[in-house]
Amino acid sequence: MEVVRGDRQGRWERLSPRTRRTLSLLGVMVALVAFWEIYKLIWSSLGWIRPVRPDDVVMPHVWDMVIELFRPVRRGGSLLVLDLGSRALWTMREAIVGFLVGGAFGFGIGVGFARSRLAERAFMPYVVASQTVPFLAIAPMVVIFGFNIGIPGWISVSVISAYLTFFPVAINTLRGLRSPDPNSLELMRSYAAGPRDVLWKLQVPSALPYIFTALKVTATASIVGALVGELPVGFQSGLGRALLTFSQQFAVQSKKLYGTVIICALVGILFVGLVSYAERKLVPQRAVVGEIL
Amino acid sequence: MSDAVVDARGVGKIFGQDEDRVEALRDISLRIEPGEFVSLIGPSGCGKSTLLRLIGDLTAPTAGQLTVNGKAPTQARTDRDYGIVFQKATLLDWRTVTKNVELPLEIMGIDGREERAARMLDLVQLGDFGGHYPWQLSGGMQQRVAIARALAFNPSLLLMDEPFGALDEMTRESMQQEVLRIWGETGTTVVFVTHSIPEAVFLSTRVIVMSSRPGRISHVIEVGLGHPRDVETRESQDFYDKVTEVREALRRQEQAS
Chain A
531 MEVVRGDRQG RWERLSPRTR RTLSLLGVMV ALVAFWEIYK LIWSSLGWIR
581 PVRPDDVVMP HVWDMVIELF RPVRRGGSLL VLDLGSRALW TMREAIVGFL
631 VGGAFGFGIG VGFARSRLAE RAFMPYVVAS QTVPFLAIAP MVVIFGFNIG
681 IPGWISVSVI SAYLTFFPVA INTLRGLRSP DPNSLELMRS YAAGPRDVLW
731 KLQVPSALPY IFTALKVTAT ASIVGALVGE LPVGFQSGLG RALLTFSQQF
781 AVQSKKLYGT VIICALVGIL FVGLVSYAER KLVPQRAVVG EIL
Chain B
192 MSDAVVDARG VGKIFGQDED RVEALRDISL RIEPGEFVSL IGPSGCGKST
242 LLRLIGDLTA PTAGQLTVNG KAPTQARTDR DYGIVFQKAT LLDWRTVTKN
292 VELPLEIMGI DGREERAARM LDLVQLGDFG GHYPWQLSGG MQQRVAIARA
342 LAFNPSLLLM DEPFGALDEM TRESMQQEVL RIWGETGTTV VFVTHSIPEA
392 VFLSTRVIVM SSRPGRISHV IEVGLGHPRD VETRESQDFY DKVTEVREAL
442 RRQEQAS
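Residue numbers (my numbering), protein chains in the order written: chain A, 531 to 823; chain B, 192 to 448.
Among the hints, erroneous ones may be present.
[What the hints assert, rightly or not] Sample of chain A residues facing chain B (criterion: CB under 8 Å; computed from the structure):
#1 Arg605
#2 Ser709
#3 Asn713
#4 Glu716
#5 Leu717
I should point out that these hints are in silico values taken from the structure, not numbers from a laboratory. Glycine included, C-beta positions come from ideal geometry on N, C-alpha and C.
Isolated chain A, as found in the complex:
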């Protein structure tokens, strides 16, 4: 037994890191699907309905959700997966624009606060307050207000994504800019370095790992912001709209809703993956703590 196990471990170790990563990802996916299907099987054969009713509406088979993606949305319409794909592009545009604008804004606030304790004291409470206001309450207001002054709907949605992005980025930027140890600041002082050099040659590079941590969190938050922001908008594009439509028709269309959820998750993974890729390119390897994707 011992020998066999040791041998297997050896075989796993011999695989390339990339293969190992792919296999573990697949392994988890298989486990999740298995959990879903086994629950469904046991609960329906025993007739249990709690905590979740195992029928084909509430818990359709995983393969049925996937098959549904490759069926027309409606009679004579395009395939669901294509429809959701174009919606995903629309939502991603909103999220990415909001993410970039919010990220830049948050970075600016972080730099401003790092420069001036007074500015930090004066404005921080308002920045914090802005985040305690539930964004579900603000989202329709922003969209309606934007509509009234003639701003395209998708830009209003981006504003909501930006709103969710800027705060974590600002806080982490501030923390990162203050992370260099006193000796390195004294070193810069001994060179009679100006504030700009201290910022760009010491503080910002030191802050990058902190900033990217925030960007990974906000990458997903900006998508949630875009999905929710789409709900009150009149236009029919976007994944948020599809979520709303299919959930209203849950009793007959549950597989479509699940398909949409899968696509939303893929969009999120793709987005975080892009941020991780940028991080690997910009931050020296050693500073990256743990790797997502």
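Based on these hints, arrange chain B on the given structure of chain A.
This is chain B only, laid out in the frame that chain A set:
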């Protein structure tokens, strides 16, 4: 008269106010001439690092007069008159060794950076490591890079704050040899803070013995061992006698207080 690199007259430094008031230095008078290698030694809390930081204008004196190269310390700092090395190498992790040495040159807008950096790395015998990152080097090598960086812009004064305090004894001795060689080659004036008696004696032309609470200069010992110094110097009777003299001086002031 004012061609001294460091000229301190009655310099004092008090940190804090009222109950938190700590007198770190009292009535320090000291002249350091060009080309000297001066060590500051004393028990912890004697203000030796503070004195070094005053010279570097990293903090300001609260009493007395201090000039560096005949100028106010702030002026000397903005004229980039000195390079500094700390106990920690404080290299920037995201820059290669070469780019770390180039950092002060970039900030000061000095041209021919690559060539200068290469020359400095040769000086500290790390010519082959320019493309490495700091964390790929040993502690001793990192400290060599810090020295190369401090000397890259040709300062007339090198300030070293316990630079070898974190190194093991073997590395420490070879680094001391290196610093003496570099000092001989560059002619830079060095002010060196240490708490190791043999280190102070081996390196210095003059050892300043300090006492604590408040920090004062208690003895000034001319080393007079001659140059070059090497392993044989360390094993000579003269070296041993000087070490004993410094040790006695430290002990006497300890008993006095």
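Here is how each hint holds up against the structure:
1. Given the 8 Å rule on beta carbons, the hint for A:Arg605 is violated: about 58 Å separates it from the nearest Cβ of chain B.
2. Annotation: interface hint on A:Ser709 violated; nearest CB of chain B at approximately 12 Å, more than 8 Å.
3. Interface hint at A:Asn713: satisfied, since its Cβ lies 4 Å from the closest Cβ of chain B, which is below the 8 Å cut-off.
4. Below 8 Å, beta-carbon pairs count as interface contacts, and A:Glu716 has one with chain B at about 5 Å; its hint therefore holds.
5. Interface restraint check: A:Leu717 against chain B, minimum CB-CB distance 6 Å, threshold 8 Å, status holds.
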